[in-house]
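So the protein lines, in turn, are chains Z and Y.
First residue of the first sequence? That's 1 in our numbering, and the numbers climb one at a time after it.
First residue of the second sequence? That's 1001 in our numbering, and the numbers climb one at a time after it.
Hints are supplied without guarantee of correctness; some may be wrong.
[As the list claims (entries may be wrong)] Pairwise CB distance ranges, derived in the manner of DEER restraints:
{"hint": "1", "chain 1": "Z", "residue 1": "Ala88", "chain 2": "Y", "residue 2": "His1243", "range": "52 to 62 Å"}
{"hint": "2", "chain 1": "Z", "residue 1": "Phe81", "chain 2": "Y", "residue 2": "Glu1170", "range": "52 to 62 Å"}
{"hint": "3", "chain 1": "Z", "residue 1": "Arg171", "chain 2": "Y", "residue 2": "Gly1232", "range": "52 to 62 Å"}
{"hint": "4", "chain 1": "Z", "residue 1": "Ala88", "chain 2": "Y", "residue 2": "Leu1350", "range": "36 to 46 Å"}
{"hint": "5", "chain 1": "Y", "residue 1": "His1209", "chain 2": "Z", "residue 2": "Leu90", "range": "53 to 63 Å"}
{"hint": "6", "chain 1": "Z", "residue 1": "Ser112", "chain 2": "Y", "residue 2": "Ala1163", "range": "25 to 35 Å"}
{"hint": "7", "chain 1": "Y", "residue 1": "Asp1008", "chain 2": "Z", "residue 2": "Ala88", "range": "42 to 52 Å"}
{"hint": "8", "chain 1": "Y", "residue 1": "Glu1182", "chain 2": "Z", "residue 2": "Phe262", "range": "35 to 45 Å"}
[As the list claims (entries may be wrong)] Here are a few chain Z residues that face chain Y, going by a calculated C-beta distance under 8 Å:
{"hint": "9", "residue": "Leu137"}
{"hint": "10", "residue": "Ala176"}
{"hint": "11", "residue": "Gly181"}
{"hint": "12", "residue": "Arg183"}
{"hint": "13", "residue": "Leu270"}
{"hint": "14", "residue": "Arg271"}
Hints in this document: simulated from the structure, not taken from any laboratory.
Even glycine gets a Cβ: it sits at the ideal position worked out from N, Cα and C.
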Amino acid sequence: MRNFKRTALLLTLPASLVAICLYAAPILQVLALSVTEPKPGLANYQNLFANAAVGRVVVTTLKVSIMTTVLTVVASYIVAFAIIHMSAGLRRVSLFLVLVPFWISVLVRAFSWITILRRRGVLNGALMETGVISSPLDLVYNLLGVTIGMVHYMMPFAILLLYANLSDIDRRIMQAARSLGARPATIFWRVWLPLSLPGLALATLFVFVFSLGFLVTPALLGAGKTLMIAEYISVQISSTSRWDLATSLSTMLLLVVGIIVFAAMRSPALRAAFVARPQQ
Amino acid sequence: MTLLAIEDLAKTYDKVTALTGINLSVEAGEFVTLLGPSGSGKTTLLMSLAGFTTPSKGTIRLDGKDITHLDPEDRDFGFVFQGYALFPHLSVANNIAFSLKVRKWEKARIDARVAEMLSLVGLDNLAGRKPRELSGGQQQRVAIARALAFGPRILLLDEPLSALDRMLRETMQKELKRLHRETGVTFVYVTHDQEEAIAMSDRIAVFNHGRIVEIGPPRDLYKKPATHFVAGFLGENNFLSGHRADDDETMVEAFGTRFSAPLQPRERPGDVLTIWVRPEHIRLGPAPGDGIGFRATVVENSFVGAVERILLRTSTGEQMVATLRSEAHSEYKPGQVVECRIDPAAIGVLPSE
Chain Z
1 MRNFKRTALL LTLPASLVAI CLYAAPILQV LALSVTEPKP GLANYQNLFA
51 NAAVGRVVVT TLKVSIMTTV LTVVASYIVA FAIIHMSAGL RRVSLFLVLV
101 PFWISVLVRA FSWITILRRR GVLNGALMET GVISSPLDLV YNLLGVTIGM
151 VHYMMPFAIL LLYANLSDID RRIMQAARSL GARPATIFWR VWLPLSLPGL
201 ALATLFVFVF SLGFLVTPAL LGAGKTLMIA EYISVQISST SRWDLATSLS
251 TMLLLVVGII VFAAMRSPAL RAAFVARPQQ
Chain Y
1001 MTLLAIEDLA KTYDKVTALT GINLSVEAGE FVTLLGPSGS GKTTLLMSLA
1051 GFTTPSKGTI RLDGKDITHL DPEDRDFGFV FQGYALFPHL SVANNIAFSL
1101 KVRKWEKARI DARVAEMLSL VGLDNLAGRK PRELSGGQQQ RVAIARALAF
1151 GPRILLLDEP LSALDRMLRE TMQKELKRLH RETGVTFVYV THDQEEAIAM
1201 SDRIAVFNHG RIVEIGPPRD LYKKPATHFV AGFLGENNFL SGHRADDDET
1251 MVEAFGTRFS APLQPRERPG DVLTIWVRPE HIRLGPAPGD GIGFRATVVE
1301 NSFVGAVERI LLRTSTGEQM VATLRSEAHS EYKPGQVVEC RIDPAAIGVL
1351 PSE
């Protein structure tokens, strides 16, 4: 057994090496650059707080992330709730449909949304033709467009997380509630929702943290007008070569995400999501 | 007074018949057990009574009113689930108060009722605990208190003791009997454990293959089972083959002896019969006395505490078990030939299957 454990550890070595070389080392380098470029010290971080452009980017990022998180979690909860109530056959089909977006590149998805949402796009065209609106709506290259694209990207993850949590809930508890005289609405508010809290907390954390650092979708659907942190950092590196700003902002983002995850993991609801199956 | 009447109930899933031709009436205040092996339909019947399963055919009446298609939440039946199904996010007190809040009772009345239920099941000092902080037996009590809190017409219990260990099960059996007595609520109890059924029930309905095989008080079913299935399912039994004597129509020949036995008129001389005799009714040794005497060889003798179980082989080669009260001198050795006696009244004769 002991021998096997040693062999097993050995087997993780190649992957660990790759992760260290391609992931940990660059991050450490970023951290190093943020305190050495252009000269040693914490001046870069001080500048961050004084920089108005950074402030605007942070506000936009928070706005988009919060909106995305709320919309994604609510919509995904509805979908996951529906899926667990389906017959086995329908459930298989639905879960398959939830997985389909994973096979489509995020770039393709963003461009598809542009096709649908732009001023002369599919949606505006249809609405104008049918006379619902007289001039096209601004659905993309703004906060709304970014949020739509991000919600679409996040939903499969959130649905799967919530589905896993909801299908773990003992359905006899709902039967018990019915036998005690509770009607469907009461059962939802008093039983389903409280028992879903661990899953909801986990999905919220996941979507929010993921949203904070999102690059491709905001870059394409925001078209530089709705600027989020990740895109801002990328611009600093590739266009303006402001390594001091880029590295210190990256480090701050990493730190903030770390603090959010750490704080969230201490909450009882999230701890419950990671505890083994509900007790008898 | 008949509280619950089940008339010609049946349930079919796709092509599988789970329940068929069920007729059963339950008196107010009765403790009725639905007993049977797994898959015999007893749980399907209980779920139909609760409203979680819709019967394919037949009627369920409460006080004469048809409730077959009434929603579970409108039935006012308490239900104790296998594995309890307590609300994990609510305290013990709030679990018990759930049905009262749903019914919009006033707070003072809810508090009083919860306190009453807690003391009824002996959990007064655990009101604030969460279900996961309780032992299996305590969770069981909460489940019962929760189901009884709103004053149900009937309490339905689905194998509530199956998750408990043996000692606790016996304590809880007594508890359930006491609760039944004190509350006066009608209990319909599902179990596959015949000892549990015998110990608690006023009447037992024995299920097999989706039908009720026999209904009656435990004593009657144990002593005078009308079917091979019930004779074998309730308590331990020896089944031996015999046949009606050719020369005397009141006599049965079996395990190397002959005796008179209550026979059905439709049985003819030479008919093969099944004879059953409970292990506790076989007496060993040269003790004087009447009864049916025969000889058998001891195959095995095992000491199991209060009794000794002796496996015997009769002269016809059949095996039977006798249980004797353990006594210091009752040492039967394998191979030993012993005289056996059975009281004729303790013997049952069934048509062979």
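Now for the hints, and whether the structure bears them out:
| no. | hint | verdict |
| --- | --- | --- |
| 1 | Ala88(Z) / His1243(Y): 52 to 62 Å | 54 Å, holds |
| 2 | Phe81(Z) / Glu1170(Y): 52 to 62 Å | 43 Å, violated |
| 3 | Arg171(Z) / Gly1232(Y): 52 to 62 Å | 36 Å, violated |
| 4 | Ala88(Z) / Leu1350(Y): 36 to 46 Å | 44 Å, holds |
| 5 | His1209(Y) / Leu90(Z): 53 to 63 Å | 33 Å, violated |
| 6 | Ser112(Z) / Ala1163(Y): 25 to 35 Å | 53 Å, violated |
| 7 | Asp1008(Y) / Ala88(Z): 42 to 52 Å | 32 Å, violated |
| 8 | Glu1182(Y) / Phe262(Z): 35 to 45 Å | 53 Å, violated |
| 9 | Leu137 | 43 Å, violated |
| 10 | Ala176 | 4 Å, holds |
| 11 | Gly181 | 5 Å, holds |
| 12 | Arg183 | 6 Å, holds |
| 13 | Leu270 | 15 Å, violated |
| 14 | Arg271 | 13 Å, violated |
Consistency note: the structure conflicts with the earlier hints numbered 2, 3, 5, 6, 7, 8, 9, 13, 14.
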